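Protein chains in written order, with this note's numbering: chain Z, 1 to 115; chain B, 1 to 321.
Check each hint, because a few of them may be wrong.
[Said to hold, decoys possible] Within a straight-line C-alpha distance of at most 20 angstroms, the following computed PhoX-like cross-link-like pairs (lysine-lysine) qualify: (1) K119(B) x K138(B); (2) K36(B) x K13(B); (3) K280(B) x K32(Z); (4) K52(Z) x K284(B); (5) K119(B) x K157(B); (6) K36(B) x K79(B); (7) K67(B) x K157(B); (8) K284(B) x K304(B); (9) K32(Z) x K284(B); (10) K13(B) x K51(B); (11) K92(B) x K13(B); (12) K284(B) x K51(Z).
If you are wondering where the hints come from, they were derived from the structure by calculation, not from laboratory data.
Keep in mind that this is a model prediction, so the values were computed, not measured.
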Amino acid sequence: MSLQVIENATCTFCGCVCDDIQLHHDDMRIHKANHACVLGTAWFLNHTAEKKYPVALVDGREATLDEAIEAAATHLHAADMPLVYGMSNTTCEAQKQCVALADQLGGLLDSHTSL
Amino acid sequence: MGGKVTCTLGEVKQRADFIIYWGGNPAECHPRHFTKYTIMQKSRFLPRGRKDRTMVLVDIRETKSAKAADIFLQIRPGKDFELITILRALIKGQPVADEQIAETGLSRAVVDDLIARMKRAKFGCMFFGMGLSMTRGKHMNSAALLCLAAEMNAFTKFVAMPMRGHGNVTGADVIMRWQTGFPFGISFNRGYPRYNPGEFSTVDVLVRGDCDAAFIIGADPGATMPQPAIDHLARIPTIVLDPHVTHTSRIARVHITTAPQGIAAPGTAYRMDELPMPLKPALKSPYPSDEEVVRRINEAIARKPFWLPDGRQPQMVATLG
Numbered sequence: 001m002s003l004q005v006i007e008n009a010t011c012t013f014c015g016c017v018c019d020d021i022q023l024h025h026d027d028m029r030i031h032k033a034n035h036a037c038v039l040g041t042a043w044f045l046n047h048t049a050e051k052k053y054p055v056a057l058v059d060g061r062e063a064t065l066d067e068a069i070e071a072a073a074t075h076l077h078a079a080d081m082p083l084v085y086g087m088s089n090t091t092c093e094a095q096k097q098c099v100a101l102a103d104q105l106g107g108l109l110d111s112h113t114s115l
Numbered sequence: 001m002g003g004k005v006t007c008t009l010g011e012v013k014q015r016a017d018f019i020i021y022w023g024g025n026p027a028e029c030h031p032r033h034f035t036k037y038t039i040m041q042k043s044r045f046l047p048r049g050r051k052d053r054t055m056v057l058v059d060i061r062e063t064k065s066a067k068a069a070d071i072f073l074q075i076r077p078g079k080d081f082e083l084i085t086i087l088r089a090l091i092k093g094q095p096v097a098d099e100q101i102a103e104t105g106l107s108r109a110v111v112d113d114l115i116a117r118m119k120r121a122k123f124g125c126m127f128f129g130m131g132l133s134m135t136r137g138k139h140m141n142s143a144a145l146l147c148l149a150a151e152m153n154a155f156t157k158f159v160a161m162p163m164r165g166h167g168n169v170t171g172a173d174v175i176m177r178w179q180t181g182f183p184f185g186i187s188f189n190r191g192y193p194r195y196n197p198g199e200f201s202t203v204d205v206l207v208r209g210d211c212d213a214a215f216i217i218g219a220d221p222g223a224t225m226p227q228p229a230i231d232h233l234a235r236i237p238t239i240v241l242d243p244h245v246t247h248t249s250r251i252a253r254v255h256i257t258t259a260p261q262g263i264a265a266p267g268t269a270y271r272m273d274e275l276p277m278p279l280k281p282a283l284k285s286p287y288p289s290d291e292e293v294v295r296r297i298n299e300a301i302a303r304k305p306f307w308l309p310d311g312r313q314p315q316m317v318a319t320l321g
């Protein structure tokens with residue numbers, strides 16, 4: 001099977017965010033990441049489209065996405081002082097939703113920067 | 001971050017003939033930084049590339065990056081702030097005692113040579129890593145280094161830039177600054193954003209046990225934080241969004257698997273010089289993206305009654321829908 005090629009893909013492993021990576025991939029995994037460094041190659045090759053993990057876990061048991069979203073909303077809504085933390089390995093679009101989440105909850109908002 | 005004297009990596013690549021790495025190990029942590037942006041690049045202004053550039057490494061131990069450096073300055077642990085303050089004094093010709101210089105682990109001759117080189121440079125750039133910003137002094141060290149960069153502009157062009165790790169951590173700063181006015185350590189508990197690191201920063205909040213629920217996304221505090229903070233995360237309902245089942249997922253009440261950013265989820269990520277880059281995902285994940293999941297949690301919470309007595313829901317940052 002021939003591989004598809006993506007030119008000038010963006011690597012988000014470290015803060016360099018190199019945007020000149022050539023990815024050779026099929027439906028399941030990325031086989032080659034040209035121009036990427038050791039860290040970037042590991043980043044691209046170690047993530048696959050396989051279903052390795054359950055969609056969601058609630059109290060250690062497998063759950064559907066809808067159940068998990070409802071459980072998350074219930075816990076966060078019940079809390080007096082919820083904390084929204086992290087946001088490093090995610091997109092700006094998701095980060096914007098996280099700011100709205102902390103705002104709606106009247107909670108705390110913080111990132112890796114404060115570590 | 002306001003008032004930071006900085007530039008883009010493109011300018012560094014084209015013009016910087018004097019580069020200082022302070023408390024960072026780019027050879028191992030940002031492997032393409034040398035070749036793509038700093039010392040190895042040839043440009044119109046620096047046609048001989050590496051030969052036209054000088055690299056100084058300041059660190060407490062000889063890392064792999066030291067091999068790439070022209071000058072390696074090994075300083076005593078925890079003396080970064082002292083050395084920066086001494087440099088700030090000496091560039092302005094103020095007197096500094098020999099004992100004060102010796103305390104940093106360097107000699108006066110070495111410090112004088114560094115200052116002469118900094119002043120001779122046409123375009124100087126200081127990159128500072130976690131060895132500066134995460135040791136004794138923390139953000140005061142970064143502030144001092146940024147001051148030094150600003151003050152060097154009395155003599156020549158000088159800039160400073162943090163060496164950010166962890167993918168889109170720069171994006172988190174930028175988005176929070178855009179949406180709330182502050183980069184991190186924010187509380188919305190009065191209905192409007194307030195900024196106070198130390199009070200609202202995560203490690204402090206968790207160690208004191210101040211929060212009664214935690215929503216963790218794109219991070220694994222269970223592997224990186226001090227034990228008392230992890231213990232508190234295990235005590236309270238913790239919700240984790242991550243492409244993997246992480247250490248934190250194991251102590252969490254809810255874990256939701258999401259698509260990895262840039263590989264199976266589209267979007268934007270910021271480079272360390274605060275340039276936004278579009279992501280080009282190669283794979284189609286069986287999992288939803290972080291954005292979708294957080295948006296749906298937001299919508300689920302919006303359907304519940306608000307906690308103010310009149311049920312009103314003041315919204316500072318409107319992004320729902």
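Now for the hints, and whether the structure bears them out:
1. About 27 angstroms separates the Cα atoms of K119(B) and K138(B), which puts this hinted pair outside 20 angstroms; it is violated.
2. A hinted pair counts as satisfied when its Cα atoms are at most 20 angstroms apart, and K36(B) with K13(B) qualifies at roughly 8 angstroms.
3. A C-alpha spacing of about 15 angstroms is found between K280(B) and K32(Z), which places the hinted pair at or below 20 angstroms, so the restraint holds.
4. At roughly 14 angstroms between alpha-carbon atoms, K52(Z) and K284(B) fall within 20 angstroms of each other, so this suggested pair holds.
5. A hinted pair counts as satisfied when its Cα atoms are at most 20 angstroms apart, and K119(B) with K157(B) qualifies at roughly 9 angstroms.
6. Between K36(B) and K79(B) the alpha-carbon distance is near 31 angstroms, which puts this suggested pair outside the 20 angstroms criterion.
7. Between K67(B) and K157(B), the direct Cα distance comes to roughly 26 angstroms. Violation of the 20 angstroms bound is thereby established for this hinted pair.
8. Restraint check for K284(B) and K304(B): not satisfied, since their Cα atoms lie roughly 33 angstroms apart, outside the 20 angstroms limit.
9. Between the alpha carbons of K32(Z) and K284(B) the distance comes to roughly 17 angstroms, so the proposed pair stays at or under 20 angstroms and holds.
10. This hinted pair checks out: K13(B) and K51(B) have alpha carbons roughly 14 angstroms apart, not beyond 20 angstroms.
11. Using a Cα cut-off of 20 angstroms, the hinted pair K92(B) and K13(B) is violated, with the two alpha carbons roughly 29 angstroms apart.
12. Of the supplied pair hints, the one linking K284(B) and K51(Z) holds, its CA atoms being roughly 11 angstroms apart against a limit of 20 angstroms.
Going through the hint list in order, the structure does not satisfy hints 1, 6, 7, 8 and 11.
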